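K.L.:
If you read the sequences in order, they're chains A and B. By this note's numbering, the letter at position 178 of the first sequence is numbered 468, and the numbering carries on one by one without gaps. By this note's numbering, the letter at position 117 of the second sequence is numbered 129, and the numbering carries on one by one without gaps.
Read the hints as simulated data drawn from the structure, not as lab findings. Remember, it's a predicted structure, so these values are computed and weren't measured experimentally. The reader is advised that the hints may include incorrect statements.
To be verified - Quick list of the computed label-pair ranges, beta carbon to beta carbon: (1) A:Thr427 / B:Trp214: 26 to 32 Å; (2) B:Glu250 / A:Lys308: 38 to 44 Å; (3) B:Ala54 / A:Leu462: 33 to 39 Å.
Even for Gly, the Cβ is constructed at its ideal location relative to N, Cα and C.
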Amino acid sequence: MDINEIIKPENLVYKKTKLFTEKPLSYCPGCGHGTTHRLILEVIEEMGIVSDTIGIAPVGCAVLAYEFMDIDMQQAAHGRAPALATAVKRLMPNKFVFTYQGDGDLAAIGTAETIHACNRGENITMIFINNGIYGMTGGQMAPTTLPGMKTSTSPFGRDVRIMGNPLKITELLANLPGTYYVTRQAVHTPNAVRKAKKAIRNAFEYQKLNKGVSFVEVVSNCNSGWKMTPNDANKWMEENMFPFYPLGDIKVPQLEKA
Amino acid sequence: MGDLKLMKGNEAVAEAAIRAGVDGYFGYPITPQSEVLEHLMANKPYETTGMVVLQAESEVAAINMVYGGASCGRMVMTSSSSPGISLKQEGISYLAGSELPALIVNVVRGGPGLGDIQPSQGDYFQATKGGGHGDYRMYVLAPSSVQEMYDFVKIAFDKAFKYRNPSMILSDGAIGQMMEKVEISEQTPRRTPEEIEKQCPWATVGKPTNRQRNIITSLYLDPYVQEKHVLKIKAKYERMQKEDVLYEKIKCDDAEYILVAYGSSARIAQKTVDIARKQGIKLGLFRPITLFPFPSKELFEVSKHLKGALAVELSTGQMVEDVKLAVECKIPVYHFGRYGGVIHTPVEIFNEFKSKFLGGI
Ligand SMILES: Cc1ncc(C[n+]2csc(CCOP(=O)(O)OP(=O)(O)O)c2C)c(N)n1
Ligand code: SF4
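Required output: the full structure, derived from the provided sequences and hints.
P.N.:
This is the structure:
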C-alpha cells in the first residue's frame with residue numbers, strides 16, 4: 291500500500307499542534323517538559339487565544355521554551371517569572387498570561403515572587419514542573435528533592451537534618467486567598483496526560499473570571515538527573531514522588547464544588 | 013508656562029511620571045525615596061490616566077515587573093535608593109541584554125552596606141560602568157534641581173525608547189528630599205495599544221496572524237552570536253556618546269581653573285565659583301548632566317585653556333576617573349570628596365581649591 295493512501299484525514303488519530311515550532315525539542319527523550327509544552331499549546335490553540343497569550347519562560351531546562359512555542363514570549367531571570375507576569379497582566383488585563391517554571395525556579399530562588407503573586411491574586415496561570423531536581427545545571431538538590439533522594443549535591447541522599455525538608459509549595463500556595471484553582475497532575479501516562487490537559491484548560495479558562503492565580507503543578511521525571519531510563523524514572527516517580535506529592539485537585543473553585 | 017508647584021524632588025519624579033503618560037510604576041519603600049510611591053498612591057493615577065502603580069514585595073520583584081512591562085513595549089519605571097538599587101542589578105542587566113526601555117531612579121544615600129539616609133554620590137561607578145553583570149551601560153542623567161528631577165523623567169524615557177536600553181536618573185538624598193518650585197507640564201496621554209505596537213513592533217503583546225512571534229530574551233548560547241549581540245549593544249553606547257551628551261558650563265569661557273561636579277555637588281560648587289569670582293579668581297564649573305555618556309570631548313575642549321581642575325563629589329573618587337580620562341593628563345586633576353552622607357560647604361571647596369592650585373590658603 292502506498293503511504294499516501296494511509297495519510298488521510300479519516301485516519302488521523304494524532305497531530306502536532308501547529309503552535310509547536312519546527313525546532314526539535316531540546317529536552318531529554320521521555321522528559322515531561324516536552325509533553326507539558328504540548329498540552330499548553332494545544333489548550334491555547336483550542337481556545338483560539340494565540341493572539342491574546344503571553345508566556346513567560348523560566349531559567350531551567352525550559353529556558354528555551356520560547357524556541358518551541360509559536361507565541362509571544364518573554365524569558366525571565368531565574369525565579370522572577372511571576373513578577374514579569376504580574377506586570378504583563380496588570381498592563382494588559384485582557385490578555386492570557388502564563389508562567390512556566392521548574393522547582394528550583396519557582397520554589398527556591400523565586401519563592402518570594404511566587405508567594406506574593408499568588409497572595410495578591412494575580413489573574414495569571416502558573417505551570418509548575420516539579421521534578422525534584424535541578425535538571426539544567428546537572429542534577430543538584432532542589433527544594434522539592436525527597437528525603438533520602440540522591441542528587442549531585444546530596445550524593446548520599448537528602449539528609450533532612452542537614453539539608454532541610456522538601457517544600458510542598460503547592461499545598462502552601464493553596465492556602466493563600468489569592469489562588470483560585472490549585473491542582474497537581476502528571477504527564478507520564480495517556481490517562482495522566484488527559485487529566486493534565488483538562489487541568490491546564492481549566493487554568494486558562496479561569497483567567498477569564500479574574501479571580502486569582504490558577505496553578506497547575508506537574509509532577510515530572512528527570513531521567514537524566516535521576517540517572518535512570520525514562521521508563522524506570524516514571525516507575526520511580528509513581529513509587530516515590532506520588533506518595534509525597536499526591537496527584538489531584540488541591541483547591542477547586544467553590545462554584546464548581548456545589 | 014505650566015502650573016508652578018512647590019514639591020520635593022521625589023514627588024516631582026512621581027508627578028512627572030503621571031504627566032508623561034507612564035504606563036506602570038513598580039517600587040518598594042526605602043528612605044530617602046519613598047515619596048515617589050507615596051505621591052503616586054496619594055494621587056491615584058490608576059483612576060485618571062490608567063497608570064498601574066504597585067508596591068512590590070522587594071526591589072528584585074519590582075525590577076522584574078519593570079522587565080515584564082517593558083517587554084510589552086510599555087513605559088515602565090521603578091525607583092529606589094542605593095541598597096535597593098544593588099538588588100535590582102541582575103534585572104537591569106537583563107533589561108540591557110534584552111534591549112528593553114525602562115527608567116530606574118536612584119536617590120542615592122550614604123554607604124556602603126546599610127550606610128545612612130543622607131545624600132551621597134557613592135553609586136557613580138555602579139550607575140555609569142554597568143552595575144550588574146555583563147557588558148552594558150545605562151543612559152544616566154544627574155539632576156541638580158527639583159525641576160530637573162521632573163524634566164529628566166521625560167528625557168530618560170525618550171532615550172530609553174530611542175536606544176531600547178534602560179535609563180537611570182542618578183539623584184541623591186538632597187535633591188530627592190528638598191523642596192523647590194517646579195513648572196508642571198501638560199498631561200501627555202498614555203499611548204494607545206495600537207500606538208505602542210506601532211512604536212514597538214518587537215513588543216510581546218500576543219502574536220497576531222500577520223507577524224512572526226516576538227521573543228524577549230537575553231540568552232544567546234552561541235558565543236559568536238552573543239558577541240554580535242554585544243557589538244550591537246556597544247554601537248548604541250557609541251551613538252549615545254555622539255548624539256545625546258548633556259552638560260552645563262558655568263563661567264568656563266575665561267576660566268583658568270574649573271570645578272567639575274554633578275548633581276547636588278554642582279549646586280554647592282556653583283557657590284564656590286561665586287566666592288572665587290568675587291576675589292578675582294577665574295574659576296568655572298563644568299557640570300556633566302549625562303554621566304553616561306560622559307561629556308569627555310566637551311570637557312577636553314574646555315580643559316585646553318585651563319591650568320587645572322578639581323573634581324568635587326560625594327564619594328572617595330569615582331567621577332574623577334572619568335574627568336582624568338577626558339583631559340588626557342593635559343592638566344592636573346585633583347579630587348575633593350566628603351563621604352558617607354556628609355556634604356561639602358562652598359568655603360571648604362574653595363579652601364581645597366586654593367590649597368591645590370594657588371599654593372595654600
Ligand atoms: C541567578 C541565577 N542563579 C543560578 C542560576 C543557575 N541555574 C540555572 S537553571 C538552575 C536550576 C533549574 O532547576 P529547576 O528550576 O528545577 O528547573 P529544571 O531545569 O529542573 O527544569 C540554576 C540553579 C542562574 N541561571 N541564575
Ligand atoms: S535534564 Fe531532566 S528536566 Fe532537563 S530535559 Fe533532561 S530529563 Fe528533562
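K.L.:
If a hint holds in the structure, say so; if it doesn't, say that too.
P.N.:
Against the structure, the hints come out as follows:
About 30 Å separates the C-beta atoms of A:Thr427 and B:Trp214, a value consistent with the hinted range of 26 to 32 Å. Look at B:Glu250 against A:Lys308: about 42 Å separates their beta carbons, and that is inside 38 to 44 Å. For B:Ala54 paired with A:Leu462, a C-beta distance near 34 Å keeps the hint of 33 to 39 Å intact.
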